[in-house]
Amino acid sequence: MQLDYFKLHRNTRIGYLFVLPSLLVVIFVLVYPVIQAFLYSLKPEYSENSEWSFENYANLISDDRFVESFNNTLIFTFFTIPAELIFGLVIAVLLNKEFKFRGIVRVAILFPWALPTALNAIMWRWMFNTEFGIINYGLISIGLIENQLNWLGKEPLAMIAMMSVSTWKTSSFMALLLLAGLQTIPKDLYESAKTDGASDLKSFFYITLPLLTPAIIVSLLLRTMDALRVFELPFNFTDGGPLNTTETISLYSYRVLFEFVEFNYGSSMVIVQFILIMIMSLIYIKSIKNIDY
Amino acid sequence: MPAKDIYAWPPKLFPSPGTIDNYIKIFNSSPELLRYILNSTIIAVFTTVTIILFGGLAAYALVRIKFRGSFSIMLGMLGVSMFPNIAILPAIFIVFKNLNLINSYPSLIIAHTGLFITMAIWILANYIRTIPFEIEDAAKIDGCGPFDIFWRIILPLSKPGIFATSLIVFIFSWNEFPLSLVLLHDNDMRTAPVGISLYPGEYSFPWETISTATFLSIIPVLIITGIFQKQIIGGLTSGSNK
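Residue numbers (our numbering), protein chains in the order written: chain P, 1 to 293; chain R, 1 to 242.
FYI, nobody ran anything at the bench for these hints, they're computed from the structure. Wrong hints could be hidden among the right ones.
To be verified - Here are the simulated SDA-like pairs of lysine to any residue, each with C-alpha atoms no more than 20 Å apart in a straight line:
1) K140/R / I14/P
2) K97/R / V34/P
3) K289/P / L220/P
4) K286/P / M74/R
5) K140/R / L17/P
6) K230/R / V107/P
7) K97/P / G234/R
8) K159/R / F46/R
9) K100/P / I227/R
10) K286/P / V80/R
Everything numeric in this text was worked out from a predicted model, so none of it was measured.
With the hints as constraints, model all of the structure from the sequences given.
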């Protein structure tokens, strides 16, 4: 007994020693800055002797531009995530079937994920260009529109364009995560369903979907967090325009922090975004726990 | 892509050949583009090496050394990995400013290490879990200490996992935007995504230079994903089914 206690003690010391470097970096880069941002947000201005108050948070509510960026972020998230899920699911189910050139198709699927979002957004900005862009050219040649559309300069159009770019960029990542989930479903389940006379559609809804639910929730969680903090896409694609209709919380807080240099006010914005993301994650995590296998 | 193709109507899907000119031109007229790519490479390489060393040690300890609190640390790491990167911007900028590290490589390397290490530990832990206990036990009987076991047995045996994690971390670091934008804002210090996106002036947007530069800076990422897609997919998805 004495020996076991000693061993546990020694293991604890070594364990912490091994974890320490990572722990320190994570605390320095992630934990401390968030706490610090919260403290900044409780002071009206950046100085030692200003008083603690919730003034910044009160100001947020009456700041129309912040409310709009908040709404834009939510609208962006609530439209892109379901679209990505549907596309991702279709791609994953198709990729799970045996066919020729499956390897090549998988590489093609991985490319959009691997591209830097910032540069990707610039390329798309060119493609959505009113006069020279391939999008307008394509739409005109198939007869969907008659005149060139000012995609990035008109109100709902810019947001729609930004959502489509995001969906294009991330559906494939969703597909990869779902595909890994699909491959854990035993094949004989489908075979016995077939002998019982179930159609493909039926086995999708009664076997695939229920068994895939945990993987779906995990990938929705990852993507929702990403969508709620989207920054480089609006920064490079629309610059938040026209008239701030594509400005997200991240983009507006960046401007307040580094362009208007209002550090304390900007900190209250990032804290609101932080709380929003944490609440959403908790909802997802709770729903994973509620699934019984 | 030559300028006449860029402003062509109808737009050309496949630009005409003779585009090497642009690449030569770009390095003569805007040498900073090469500098951006060099900066990105330095940042991504150092971030990856640090993460593999630190993260590998942590992953091994969390999965294999039974110690009090290891489960809570694992959960805590997963929790903080959900922190939005914008939330850390104000404080981390102030800290590095006080340390006089703004516009220096270490600032962004440290920031990227913190940002991506939790994900790396998660992936590495899943690989280390698959290494049979017997090998470790045999080494213990031979008198190997925990660090020896990590260095001589765990690291070599989890090569595929380390490889996959390195590729993913490299790509994440190469592509990261907001922190790179804020911490390295001198023109000489910018990373490729930031430098290229801030390159154009207000009124004349030099599309042919931009598209050439963009293509150059995504080449490393495209090559990596093209050759190692299996490892990357394996690494990316190893955590989602646990």
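Hint by hint, here is what the structure shows:
no., hint, result
1, K140/R / I14/P, "holds, 15 Å"
2, K97/R / V34/P, "holds, 17 Å"
3, K289/P / L220/P, "holds, 15 Å"
4, K286/P / M74/R, "holds, 18 Å"
5, K140/R / L17/P, "holds, 19 Å"
6, K230/R / V107/P, "holds, 9 Å"
7, K97/P / G234/R, "holds, 18 Å"
8, K159/R / F46/R, "holds, 18 Å"
9, K100/P / I227/R, "holds, 19 Å"
10, K286/P / V80/R, "holds, 17 Å"
When held up to the earlier numbered hints, the structure conflicts with none and fits them all.
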